[in-house]
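Engineer: Start from the sequences and build out the full structure, keeping to the hints where you can.
There are 4 protein chains.
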Amino acid sequence: MIVILKENVSKQKVDSLAKSFEQMGLTIHYSEGTHTTIMGLVGDTSQVDMDAVCANDIVAAVKRISEPYKAVNRRFHPQDTHIPVGGHNIGEGNFCVIAGPCSVESEEQIICVAEEIKKSGAQLLRGGAFKPRTSPYSFQGLEANGLRFLLEAKAATGLPIVTEIMSEMHIDLFADVDVIQVGARNMQNFQLLKELGHSKKPVLLKRGLSSTVEEFLMSAEYILAGGNPNVILCERGIRTFETAIRNTPDLTAIALIKHNSHLPVIFDPSHATGVPWLVEPLSRAAIAIGADGVMIEVHNNPACALCDGAQSLNFDQFSSTMASIKKRVAAEGKRMA
Amino acid sequence: MIVILKENVSKQKVDSLAKSFEQMGLTIHYSEGTHTTIMGLVGDTSQVDMDAVCANDIVAAVKRISEPYKAVNRRFHPQDTHIPVGGHNIGEGNFCVIAGPCSVESEEQIICVAEEIKKSGAQLLRGGAFKPRTSPYSFQGLEANGLRFLLEAKAATGLPIVTEIMSEMHIDLFADVDVIQVGARNMQNFQLLKELGHSKKPVLLKRGLSSTVEEFLMSAEYILAGGNPNVILCERGIRTFETAIRNTPDLTAIALIKHNSHLPVIFDPSHATGVPWLVEPLSRAAIAIGADGVMIEVHNNPACALCDGAQSLNFDQFSSTMASIKKRVAAEGKRMA
Amino acid sequence: MIVILKENVSKQKVDSLAKSFEQMGLTIHYSEGTHTTIMGLVGDTSQVDMDAVCANDIVAAVKRISEPYKAVNRRFHPQDTHIPVGGHNIGEGNFCVIAGPCSVESEEQIICVAEEIKKSGAQLLRGGAFKPRTSPYSFQGLEANGLRFLLEAKAATGLPIVTEIMSEMHIDLFADVDVIQVGARNMQNFQLLKELGHSKKPVLLKRGLSSTVEEFLMSAEYILAGGNPNVILCERGIRTFETAIRNTPDLTAIALIKHNSHLPVIFDPSHATGVPWLVEPLSRAAIAIGADGVMIEVHNNPACALCDGAQSLNFDQFSSTMASIKKRVAAEGKRMA
Amino acid sequence: MIVILKENVSKQKVDSLAKSFEQMGLTIHYSEGTHTTIMGLVGDTSQVDMDAVCANDIVAAVKRISEPYKAVNRRFHPQDTHIPVGGHNIGEGNFCVIAGPCSVESEEQIICVAEEIKKSGAQLLRGGAFKPRTSPYSFQGLEANGLRFLLEAKAATGLPIVTEIMSEMHIDLFADVDVIQVGARNMQNFQLLKELGHSKKPVLLKRGLSSTVEEFLMSAEYILAGGNPNVILCERGIRTFETAIRNTPDLTAIALIKHNSHLPVIFDPSHATGVPWLVEPLSRAAIAIGADGVMIEVHNNPACALCDGAQSLNFDQFSSTMASIKKRVAAEGKRMA
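Protein chains in written order, with my numbering: chain A, 87 to 423; chain B, 87 to 423; chain C, 87 to 423; chain D, 87 to 423.
Don't read these hints as lab results, they were simulated from the structure.
Hints are not guaranteed to be accurate.
Same chains, same names: a pair is fine if it fits in one copy or spans any two.
Listed below are the simulated BS3-like cross-link pairs for lysine-lysine, each with C-alpha atoms no more than 25 Å apart in a straight line [what the hints assert, rightly or not]:
1) 156 x 92
2) 149 x 99
3) 412 x 205
4) 204 x 413
5) 149 x 92
6) 156 x 286
7) 420 x 149
8) 92 x 205
9) 412 x 204
10) 92 x 204
Structural biologist: Here is the structure:
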């Protein structure tokens, strides 16, 4: 971190600032120019609050040279991380497909969807039991019953399950869930992240609607810093000015994250676009840019789905999407997880 | 709500769709054009999921005519709501100033700040005990001790206190807090909103970084729908492409919310800009556009603040800002809360 | 400008980079830390291309300390600039109101509007003759005839006129226009800016839909650098994720520009919102935050306007808005231009 | 287009509105509900100004059902368009690579780059002679000399050339240029688009920084409506809140445009990211999602480039990127143009 001081500041104030850095265990290198003094901070600067430094009235500017994240940083962990989930390995050259309905609606429905997606080659089953909905009047999910139906579907098909948590008060309910999903709206629910850091259970962390890649990695850092190394990141589109589709998929984020972090990254073309026919071309692009998997909404009857039906594939659409995915994964020299 | 059907759809499918609306208690008016049939839904359409309707393969488009929120809607509650807080009334022509440090740092600090802001005319004291920080390595707040110190400051000065909650698991800790703040990053933490809806305690709800005004009102609707009418909305800047300052203050949102809702709306120029000298001109503009108050960061020693010091006013700056605020509030024909 | 070099770079490459800076007339101060060398560039760094410096393989990072603009910079020109227009002075404590229809539609129409807005107290008449329209099938303006009708309205009322130019090929047609407007979509039409820099005629430069304040000032810099000091800046809303109204007014930009530049800044609440009832509250806020004027769309019959009628005020609405404006301008201790 | 009327409006006003639609040659179908009347407009509604209709005081809402563009619409021209350029065909299953420096710097430089990119398999040479630069103090291009050097490079290598126009006053200078580029900042310079519509020369139209896909297609519509069918669209990243890289590439826009329009679409990974190592993975993703080509910046010595050097590939990087591109193009069953 480089701290650029204002011109003609008192030595006493500089010493006082320096002392506060030294108390954090940092070493300071001074660079005295004709007009300006620059302090180079060496050591673990991830704890330094840039805003607080800026507020010091002798400071002209601060520039961070190294990333503020450590545990998720590829610099300190060059190998890809892979996350074992129910016999599959996510990451490290394996491509996984997570599929299922937006919401669990009944035991029959979720078992039926699970069987169909398994037949087409998906490795994990997704389905919402607790649903974050913009409106309090919209269907909020079957909650504990939904979790129970998911576990029935797992028992029936052997597919590990992924489902979203909405409160740290519910963690015990998720004991038999294979992967706990943190939704985009909770990406900076730091208390929830801290609680999940105390678990060892794989966490699927979705990027916030307007989170930068750095903030996204910092949220993953919360979980790893708490002691849980099993984080799968999920790009799901960001919010921009464009209104043609629901969100703007940020596929470049996948390449940036793979470059800066060792964690696996998957892509959710269903939520990112809200448009069924875009799921297949965007899955192709995600494979090409290096994603470790995709998460796709599939429904037995999209037109009757209780939520987000408009973006779900039916079984035939999913089956042909899977054929396309398998072909491209092979062409990229990867294997299905 | 208007549902525009595709051309040449089967009567059977139309009847099936109609039945699903009727089961929600809605009445349907058909408008048959030469090529197109349009269904007009009359009744409480706030429960209709537009996405789910769009997913129906006979539907060409859906347009919502009325707002999806009810309890917060001025249409059904034309009078301004005012929220009583410790002898003050927030809203309804009263202008309130909430001031204090980003974080509570010690008992002495918070009492000192409380005394100073009271002297300058602030009505409420703010201070963070639980701090949402992008980095797990940044100061996370004094937590329960911070709450205790705030209550000491309240006892010393009589100022009601506003402080942020980060988890529904902490609600009991907030029993003596006057106004519970929900931060921008938790605006769509729906489980937390639901729990706060079961309380009667005033809630200060901050707008999410990239939330639309409609989504903001829908989050307030969660709290009112749960039974708690005491919600104060807070505009705190949105995230855009502009990097000159931390966020882009959306003052127009204040006018839009006052128009569409009866709830009081305040503005936070400190977080919205991150720049101390902008606090005063933006407070002027907020008063002019109809805000019911402002929330301003004030610190005994901004250069040493443990978080967000860069955006805090010192006591002199706050005192002169208060003088400017009082003058403009009077000029607008309002009174201090 | 601070150039932070990578670790362990060859002296030869550093010398070569230094030489390229010296050839631009810059002086270099070296700051040698234990690991890092930092070059501080002193002199006129506005000509240094940061991207090009970054591309050098010995450079780790570049940070600009001073603004890249000079002629528009308040640092080198502390006094407010005022622009004389037809007997009025724009800027320097004078508040101007520019009003008129989106498009000139006929001689009768524009004279009628001019007379009405003059009666209510507007200082300048606006009206589009050349219209930038998203669709080639929309009304494109009366072009040369429109300019002629504007001049008739000026002759009839004495109001100076403001109208938009869409091509440097039309400059001769604008010889009798008082203020030439450059629209948001042409803010970075650099060839047009250069041509206007060769004139002395006042230019009203509108901010681009997604331009930063710095880019906006750099576009003004083009005109001043060409020799024309008469630039009036106009904030007209930016494009964000919010869809409640047409654009998101960025009132803070007015405060930032007044702080960083000596040029007058006005605000266009009509285009910024597209909503007639927001024109008055936003004008109030613009006055409060320090704008030097507003530009308001007024139409004799908004419901029949050939373009943008939806955002125009009728005569009564304009008259009451003017009353509100005059009151606030007086309360701020300013005078109408 | 659907026009939803307010409740209880006078028959006279409805008739008057209806008449104005009939005068545009539209047929109206009425749909009378219990409370609401809806007008369905049939015919060429691309000329209807939605804002103007909204402004009518009997109108509650307007919804466009069909796209506002015609000539570029795939609905009326289902086959892919291909554009012949100097022996190559752009579009229709052919994948083209346009490469070259940001700026032409000298005759030697551009010939050297042209020879190298030809060797690696690029089909067209790009290079800027007129440069749109944010700062008036940055290098503005060699202008007419730059065009001359490009033509020398074309003579030396046989590669057709693509270069940017910045003013309709320069069109004659571009007589021997193969493809005229319109930059992102001029995407809504409508006068320039109109002039290019009167030519038959291929136009490479870049998407504006914050233009929607619909606006982008409307700008292409200007050129086609003027009589020039030879338009190649170019996605080059949009402006969002994310600051990790220069722009946010919107690869989904490629899929949307291919779906809605018959025009060829290419992608510019160099400007979209500003980061050399991202050029190859983003080219892979662009191929996967259906782009008809890529435009890549290549420089003989990126560290010394006069502009945008930081984003240019050197010859070795370009050569290995071309190898990757050719492999993926073949895997997708396409051929190099």
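Engineer: Does each hint hold? Answer for all of them.
Structural biologist: So, going through the hints one by one against the coordinates:
1. Proximity of residue 156 and residue 92 under a CA criterion of 25 Å is satisfied inter-copy only: 21 Å between copies versus 30 Å inside one chain copy.
2. Both within a single protomer and between protomers do residue 149 and residue 99 lie at most 25 Å apart by alpha-carbon distance, with minima of 20 Å and 24 Å respectively.
3. For a Cα distance limit of 25 Å, the shortest separation of residue 412 from residue 205 inside one copy, 14 Å, qualifies, whereas the shortest one across copies, 34 Å, does not.
4. Proximity of residue 204 to residue 413 under the C-alpha cut-off of 25 Å is restricted to the intra-copy arrangement: shortest distance 17 Å within a copy versus 32 Å between copies.
5. Taking CA atoms no more than 25 Å apart as the test, residue 149 paired with residue 92 passes in both settings, with 14 Å inside one copy and 14 Å between copies.
6. Taking identical chains as interchangeable, the C-alpha atoms of residue 156 and residue 286 lie at most 25 Å apart only when both belong to the same chain, with a minimum of 19 Å there against 42 Å between chains.
7. Neither within a single protomer nor between protomers do residue 420 and residue 149 lie at most 25 Å apart by alpha-carbon distance, with minima of 39 Å and 41 Å respectively.
8. For a Cα distance limit of 25 Å, the shortest separation of residue 92 from residue 205 qualifies neither inside one copy, at 66 Å, nor across copies, at 33 Å.
9. Taking the closest pair of Cα atoms, residue 412 and residue 204 come within 25 Å of each other only inside a single copy of the chain (14 Å); across copies the shortest separation is 35 Å, beyond that limit.
10. In the homo-oligomer, the alpha carbons of residue 92 and residue 204 never lie at most 25 Å apart, since the shortest distance is 63 Å inside one protomer and 34 Å across protomers.
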